[in-house]
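Undergrad: Below are the chains, spelled out letter by letter.
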Amino acid sequence: KQEVTQIPAALSVPEGENLVLNCSFTDSAIYNLQWFRQDPGKGLTSLLLIQSSQREQTSGRLNASLDKSSGRSTLYIAASQPGDSATYLCAPIGGSTLGRLYFGRGTQLTVWP
Amino acid sequence: GAGVSQSPSNKVTEKGKDVELRCDPISGHTALYWYRQSLGQGLEFLIYFQGNSAPDKSGLPSDRFSAERTGGSVSTLTIQRTQQEDSAVYLCASSLTGRSNSGNTIYFGEGSWLTVV
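One line per chain: the protein sequences are P and S, in this order. With the working numbering, the residue at position 18 of the first sequence is 34, and numbering never jumps. With the working numbering, the residue at position 14 of the second sequence is 512, and numbering never jumps.
Be a bit skeptical, because a hint or two may be false.
Cut-off 35 angstroms, straight-line C-alpha distance, at most; resulting in silico cross-link-like pairs (DSBU-like, lysine-lysine) [what the hints assert, rightly or not]: (1) Lys509/S to Lys84/P; (2) Lys84/P to Lys555/S; (3) Lys58/P to Lys509/S; (4) Lys58/P to Lys513/S; (5) Lys513/S to Lys17/P; (6) Lys515/S to Lys555/S; (7) Lys509/S to Lys555/S.
Since the hints were made in silico from the structure, they are not lab data.
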């Protein structure tokens, strides 16, 4: 079974800081990895999808990297803003259980003005 | 529709009653997932449908839970004889295909919030 760990569990920073959110997973035989954000009382919003053949993906102020062999992914948030406050979840896809996403507990981010 | 649609958005039911939760995936998406999230907890896998293949039901917590997907599109999650521990938000997601190397983004709905009293 895929085990996903996200560090830190919570992060509280002033706006403007550059942030690093870490995700590690035990089954490296994945095909894709997707990062999501979840706002309180809401569903999950997709941020970035990285295919196993890629090492990183960028969308605006977000950059996600993937090191499949070591079972790690990192989400970088540049110049953080209060609107970035949410819980961030990573989900490796594929591996021994095709099609199922396994989620970590997430990183709860608070960016204060 | 433009996104994954779930109904009802909120449901309060009495213990022992049956409930049905509906998911309309994005048009053309062959893969459909159900997850649930209890208050303050992580996401728990329930069931996965891929096209006409037999679904992966390994995440269903008990035989009170069942799901079907009619015509390869709409899915219904049914919980029989609801218990208070079933209170959670039930999230549905879909993707173009769940097959390997597809590189297809998975999209979630806003969820159905179930409260069993």
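Undergrad: Please write out, lowest number first, the hints stated earlier that are contradicted by the structure.
TA: Failing hint: just 1.
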